Amino acid sequence: MTRANEGGTRVRRDYGEGSIFYEESRARYVGLLSLPKKDGKAQPRRKFTGKTRQEVVRKLREAKRDLEDGRAVAKARDTLGDLLKEWQQRDYPLTRARTGNTKAGYDWALAHLMDERTGIAGVKLRELTADDIEGFLSGKIKPSGNGRPLGHRSIVQILRVLRTALQWGKRSGKVRANVADDVLVPEDGGRRPSKAFKPEEVTALLSAAADADQEAMQHSGSSGRATRLEAAWYVMALMGLRPGECFALRWSDIDEKSDGGILTVSGSLVRDQKTNTLKIGPTKTAKSRSRMDIPEPVLDALRAHRKWQMSTGIGTDLVFSNETGGLLDPSAVRRRFKKLCAKAGVGDAEKRHPHELRHSCATILEYIYGLPAPQVADVLRHTDVHTYLRVYRHSEIRPSVGGALGMAALAPVRELPGA
Numbered sequence: 001m002t003r004a005n006e007g008g009t010r011v012r013r014d015y016g017e018g019s020i021f022y023e024e025s026r027a028r029y030v031g032l033l034s035l036p037k038k039d040g041k042a043q044p045r046r047k048f049t050g051k052t053r054q055e056v057v058r059k060l061r062e063a064k065r066d067l068e069d070g071r072a073v074a075k076a077r078d079t080l081g082d083l084l085k086e087w088q089q090r091d092y093p094l095t096r097a098r099t100g101n102t103k104a105g106y107d108w109a110l111a112h113l114m115d116e117r118t119g120i121a122g123v124k125l126r127e128l129t130a131d132d133i134e135g136f137l138s139g140k141i142k143p144s145g146n147g148r149p150l151g152h153r154s155i156v157q158i159l160r161v162l163r164t165a166l167q168w169g170k171r172s173g174k175v176r177a178n179v180a181d182d183v184l185v186p187e188d189g190g191r192r193p194s195k196a197f198k199p200e201e202v203t204a205l206l207s208a209a210a211d212a213d214q215e216a217m218q219h220s221g222s223s224g225r226a227t228r229l230e231a232a233w234y235v236m237a238l239m240g241l242r243p244g245e246c247f248a249l250r251w252s253d254i255d256e257k258s259d260g261g262i263l264t265v266s267g268s269l270v271r272d273q274k275t276n277t278l279k280i281g282p283t284k285t286a287k288s289r290s291r292m293d294i295p296e297p298v299l300d301a302l303r304a305h306r307k308w309q310m311s312t313g314i315g316t317d318l319v320f321s322n323e324t325g326g327l328l329d330p331s332a333v334r335r336r337f338k339k340l341c342a343k344a345g346v347g348d349a350e351k352r353h354p355h356e357l358r359h360s361c362a363t364i365l366e367y368i369y370g371l372p373a374p375q376v377a378d379v380l381r382h383t384d385v386h387t388y389l390r391v392y393r394h395s396e397i398r399p400s401v402g403g404a405l406g407m408a409a410l411a412p413v414r415e416l417p418g419a
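End of the sequence shown sits at 419 in the UniProt record's numbering; the numbers just go up one at a time, nothing left out.
In case anyone wonders, no lab produced these hints; they're calculated from the structure.
Remember, it's a predicted structure, so these values are computed and weren't measured experimentally.
Mixed in with the good hints, there may be bad ones.
Taking lysine to aspartate or glutamate and the EDC-like style, the derived pairs with C-alpha atoms no more than 16 Å apart in a straight line are [as the list claims (entries may be wrong)]: (1) Lys170 to Asp82; (2) Lys51 to Glu24; (3) Lys343 to Glu201; (4) Lys170 to Glu201; (5) Lys170 to Asp293; (6) Lys338 to Glu201.
Derived Cβ-Cβ restraints for the label pairs, each shown as a range [said to hold, decoys possible]: (7) Lys287 to Val30: 34 to 42 Å; (8) Asp211 to Asp317: 22 to 30 Å; (9) Lys85 to Gln214: 54 to 62 Å.
Ideal Cβ placement from N, Cα and C applies to all residues, glycine included.
Given these sequences and hints, build the entire structure.
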């Protein structure tokens, strides 16, 4: 590339300089940017086009800044899909331990992003905006034709994966900014908000748990060996374990001899996506692995549960197992929990989920026991307090009375016998 100096002599244009001209056939202004040699070899010039000269000037200036900052200048034809593929091949396998359900969730989100019909992968990387992403997500919530709408959690998962990929692109110098950081998750009218049980509902659930277990065993056939789950509800409601963590517990994770008892969260029940079988996998995050003090009511419930389990002759190290000593199917647990909610007189019993006991634990810790939000987040083993504040805090069930009265109202839960 050459240009004229003051004397009219043609000289070679310096690297990083650009030229602009109008292309009649395309009715577009075109800008060309020279790049420095790579490994002693000349690189193809980068082309930028626009309807106006000012648009091309802006693109050239941005590309020049990228060169000055040591960033790679994206090719005009580079798309988001190109970046996603490279991220998947180079960084994706190395970033954290994406195994089991976590990796399956990332793969699922990438499939939506790369979908040729409804995806966003074809958008030019240099032209990608937050509006593009929000439009794509809105189309997933309210798809055209016979497409299946996605729920809020699915939308958040897709956006999380896209942000991670673009952040890698920013670190690698492939994009100037992570435009996904500016994206607001579109409203989802069909989203069922997360719920928490009121303190008196937790009391009612734990009070009804023993009778519910007895009924389940009576209806389990001639063996009468349906597993008891009373202690599991105690663990989740008063310690805040996730259902997957609770049903992955082994007796080796329970140390009754320590002062007050210690429970170690070391794994989580997951379903292998390839074989469709249950297994104990890693916890959701590294911080989820933790040693926790066991409250006295929970320890009493666990001791009673172990005594019952030994009387059945089920040979297993699992704290909570099925009739043959194997891992409990989450769907069976959910059915039992809905029946427990109905027996305890909890509203919308068919719509309640065991994970809501974790929400209830968080609410009780803050509004009944007065723990500051950072300490509640620590008990729940969140990586930061923001997850608790955004997802787990349920101010709508804040007791109208506080302090001592609030704790007195919860006292029956703490004093309930474990068997």
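Exercise. Starting from the hint list further up, note which numbers the structure goes against and sort them upward.
Key: 4, 5, 7
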